[in-house]
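Undergrad: Given chain A's structure and the hints, the job is docking chain B onto it.
So the sequences go chain by chain: A and B. Sequence positions in the first sequence follow the working numbering and run 1 to 367. Sequence positions in the second sequence follow the working numbering and run 1 to 367.
FYI, nobody ran anything at the bench for these hints, they're computed from the structure. Keep in mind that the hints are not guaranteed to be accurate.
Identical copies look the same in the list; a pair holds intra-copy or inter-copy alike.
[To be verified] Here are the simulated BS3-like pairs of lysine-lysine, each with C-alpha atoms no more than 27 Å apart in a straight line:
1. 211 with 49
2. 340 with 235
3. 56 with 211
4. 358 with 308
5. 3 with 52
6. 235 with 48
7. 221 with 235
There are 2 protein chains.
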Amino acid sequence: MNKLSNIKNTLLLGPGPSTVSPNVYNALSTNTIGHLDPRFIDIMDEIKKMLKVVFKTENDFCVPVSGTGSAAMESCFVNMIEPNDRVLIIQNGYFGLRMENMSQRLGADISLLKFDWGEPVDVDEVEEHLKDNVYDIIAIVHAETSTGVQNSVQQISRFIPDNTIFIVDAVTSLGTIDIQVDNWNIDAIYSCSQKGLSCPPGASPISFSEKALNKMKQRQKMVPNWYLDMTEIIKYWDGSQRVYHHTAPINMMYALYQSLYDVLEEGIDNVIQRHYNSHLLLENGLSELGLELLVKKDARLPSLNAVKIPEGLNDLDVRNKLLNEYHIEIGGGLGPFAGKVWRIGLMGHSARDENINKLLDAFRASL
Amino acid sequence: MNKLSNIKNTLLLGPGPSTVSPNVYNALSTNTIGHLDPRFIDIMDEIKKMLKVVFKTENDFCVPVSGTGSAAMESCFVNMIEPNDRVLIIQNGYFGLRMENMSQRLGADISLLKFDWGEPVDVDEVEEHLKDNVYDIIAIVHAETSTGVQNSVQQISRFIPDNTIFIVDAVTSLGTIDIQVDNWNIDAIYSCSQKGLSCPPGASPISFSEKALNKMKQRQKMVPNWYLDMTEIIKYWDGSQRVYHHTAPINMMYALYQSLYDVLEEGIDNVIQRHYNSHLLLENGLSELGLELLVKKDARLPSLNAVKIPEGLNDLDVRNKLLNEYHIEIGGGLGPFAGKVWRIGLMGHSARDENINKLLDAFRASL
Numbered sequence: 001m002n003k004l005s006n007i008k009n010t011l012l013l014g015p016g017p018s019t020v021s022p023n024v025y026n027a028l029s030t031n032t033i034g035h036l037d038p039r040f041i042d043i044m045d046e047i048k049k050m051l052k053v054v055f056k057t058e059n060d061f062c063v064p065v066s067g068t069g070s071a072a073m074e075s076c077f078v079n080m081i082e083p084n085d086r087v088l089i090i091q092n093g094y095f096g097l098r099m100e101n102m103s104q105r106l107g108a109d110i111s112l113l114k115f116d117w118g119e120p121v122d123v124d125e126v127e128e129h130l131k132d133n134v135y136d137i138i139a140i141v142h143a144e145t146s147t148g149v150q151n152s153v154q155q156i157s158r159f160i161p162d163n164t165i166f167i168v169d170a171v172t173s174l175g176t177i178d179i180q181v182d183n184w185n186i187d188a189i190y191s192c193s194q195k196g197l198s199c200p201p202g203a204s205p206i207s208f209s210e211k212a213l214n215k216m217k218q219r220q221k222m223v224p225n226w227y228l229d230m231t232e233i234i235k236y237w238d239g240s241q242r243v244y245h246h247t248a249p250i251n252m253m254y255a256l257y258q259s260l261y262d263v264l265e266e267g268i269d270n271v272i273q274r275h276y277n278s279h280l281l282l283e284n285g286l287s288e289l290g291l292e293l294l295v296k297k298d299a300r301l302p303s304l305n306a307v308k309i310p311e312g313l314n315d316l317d318v319r320n321k322l323l324n325e326y327h328i329e330i331g332g333g334l335g336p337f338a339g340k341v342w343r344i345g346l347m348g349h350s351a352r353d354e355n356i357n358k359l360l361d362a363f364r365a366s367l
Numbered sequence: 001m002n003k004l005s006n007i008k009n010t011l012l013l014g015p016g017p018s019t020v021s022p023n024v025y026n027a028l029s030t031n032t033i034g035h036l037d038p039r040f041i042d043i044m045d046e047i048k049k050m051l052k053v054v055f056k057t058e059n060d061f062c063v064p065v066s067g068t069g070s071a072a073m074e075s076c077f078v079n080m081i082e083p084n085d086r087v088l089i090i091q092n093g094y095f096g097l098r099m100e101n102m103s104q105r106l107g108a109d110i111s112l113l114k115f116d117w118g119e120p121v122d123v124d125e126v127e128e129h130l131k132d133n134v135y136d137i138i139a140i141v142h143a144e145t146s147t148g149v150q151n152s153v154q155q156i157s158r159f160i161p162d163n164t165i166f167i168v169d170a171v172t173s174l175g176t177i178d179i180q181v182d183n184w185n186i187d188a189i190y191s192c193s194q195k196g197l198s199c200p201p202g203a204s205p206i207s208f209s210e211k212a213l214n215k216m217k218q219r220q221k222m223v224p225n226w227y228l229d230m231t232e233i234i235k236y237w238d239g240s241q242r243v244y245h246h247t248a249p250i251n252m253m254y255a256l257y258q259s260l261y262d263v264l265e266e267g268i269d270n271v272i273q274r275h276y277n278s279h280l281l282l283e284n285g286l287s288e289l290g291l292e293l294l295v296k297k298d299a300r301l302p303s304l305n306a307v308k309i310p311e312g313l314n315d316l317d318v319r320n321k322l323l324n325e326y327h328i329e330i331g332g333g334l335g336p337f338a339g340k341v342w343r344i345g346l347m348g349h350s351a352r353d354e355n356i357n358k359l360l361d362a363f364r365a366s367l
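Only chain A is shown next, with the shape it has when bound in the complex (with noise of 0.2 Å):
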């Protein structure tokens, strides 16, 4: 029996994947051609245009990698990370984690300013930090997706030395917060296709400044990641000369061109305006309910609410009852919350009152 006919159209209010529009199904279903087909190329040029405007950028290497989110992550830190570079890690959650692991293997001479899980990190602190700390790389996540806090990379912005690498992590930021790549002196800065987007995993952002392309090009020693190595890439993406790296993954680069597409259709702050509202509703709702919020008000995510699982309810039990019943998907947490929240994503296409409703509904006949 084919196990495809078990899957049911499920309301993705996780944290990540989000729900995929029916535009974007089409798009992805259309016809495969070749990677360096005149038309394909085209296709390319449009969705790095389209990712300027959403990344508010004039960098000219805005490139999608061709993997998921975490393929897009470790791209930025292979091709600037060099061994002993001393890499500064902001961190208060589990993705912080991840890039103190992928730095790790590359040989980094790493610092970490940890805070708590679920609190935003302390930018008073931070300036204090680098007062007296000179780095080569600071990395930062703007929207922890283990525990739904926003940092200001803003703020924090401001203290980053200007021979200084400043990575951020932009996964479940892209579309559903403002991000100012340029006004906020970015130079690496990763995303996926997977959550503000709405489209499936599989294409993932990154863009980077000159800076960053000028760290590229004094590389002493070659990127030690082939897959992901930008310094070849960039001659696939752009030039006239179009030189095959690897192939493409096309159609969900087709998928990724749609979404982009939607989103500068309804306009990309007009889109992360929806995401504060829809955050808003349900902040509401789940107060009339009684649920509390995990992060305080100030430093909410609107696409990702971690919500603390009221006394004597079972996580597991309501998870599966959502997904089973209501066809509705909600995430559980991680690391230290793992069984004391649900992580609820509003983002891209999910991100609509009717989907918070549902699932609103769904708690109150469940809980």
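TA: Only chain B this time, still in chain A's reference frame:
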């Protein structure tokens, strides 16, 4: 204007991607669900089972890598190679060069056994060489997509010592010519989705033997690549606890599932026979047109036919005419064969009589 409307249905007879079947397009746009949803885990389990059949192996470790073929390639090299490992690359084409490039980045102690492009690897010379030289890893390309040469992995496998890891590139061979992972003592093998399996690019099968898994376990240093670290990824693909590593490319996995399902329904050996029959039809038709193949008869790949471009014809003019007037893609030459050969792929759903006749008709009208 939405540029996806420019994409025409194209008969893909190049070096890959191959033409995708309607079944697989349908699978691709199946509703996206979560990467920890039990129904998705079920699809993953089925993919693993079907990969065992097409690879002809009892290896438990058969998984698709979350990227295109080169990511699968790198996953084999990066998990197997530790710095200073003695690596022999048997090289007779572009993808042998890529093996060298990837191994360099990993600090391997590389030896090369080189053969001319367009010629198969000389089995006797390999045997002689291995009498006097010891390696930790030996790597070879089964089907050189750059030239259309088939290397006799079966014969060479007899000379690989017990304590050496044998890596085989099956990017263009899986699903097009016979591969017997267990009988040929292959330890790490990689392929892609967009050639013999006729699926869009973006989810790429690998398989590791027990010996390969042991080499991985005995590593002194972490794999310098987080995204492709199979020590971690195995925990998501195997066992009762499915530990989140990275978000899988869900819809690509649906498509891979369907393409494997279709291959198994036809029967892997029937699929291979169909590729061979297609090749004979093409070979015969080209000969009638006075066109010559690059590779000598007994080393020809059914799935990749390198055709010498006749004197006086311009490579790009002909390929552009085929693409724009006949909606047929064929490939150009690589390296020393750029401008000198066309590469005609007969892969997956493309390898059918009607398609070959279309190409021959177009050639007849254009040359």
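Undergrad: For each hint, tell me whether it holds in the structure or not.
TA: A quick look at each hint next to the structure:
1. Taking the shortest Cα distances, residue 211 and residue 49 sit within 27 Å of each other inside one copy (20 Å), while across copies they are farther apart (47 Å).
2. Proximity of residue 340 and residue 235 under a CA criterion of 27 Å is satisfied inter-copy only: 23 Å between copies versus 47 Å inside one chain copy.
3. Only within a single protomer do residue 56 and residue 211 lie at most 27 Å apart by alpha-carbon distance; the minimum there is 17 Å, versus 49 Å between protomers.
4. In this homomeric assembly, residue 358 and residue 308 come within 27 Å of each other (Cα to Cα) only inside a single copy, at 19 Å, whereas the closest approach across copies is 63 Å.
5. Proximity of residue 3 and residue 52 under a CA criterion of 27 Å is satisfied inter-copy only: 18 Å between copies versus 40 Å inside one chain copy.
6. Taking the shortest Cα distances, residue 235 and residue 48 sit within 27 Å of each other inside one copy (14 Å), while across copies they are farther apart (35 Å).
7. Taking the closest pair of Cα atoms, residue 221 and residue 235 come within 27 Å of each other only inside a single copy of the chain (19 Å); across copies the shortest separation is 32 Å, beyond that limit.
Checked against the numbered hints above, the structure violates none of them.
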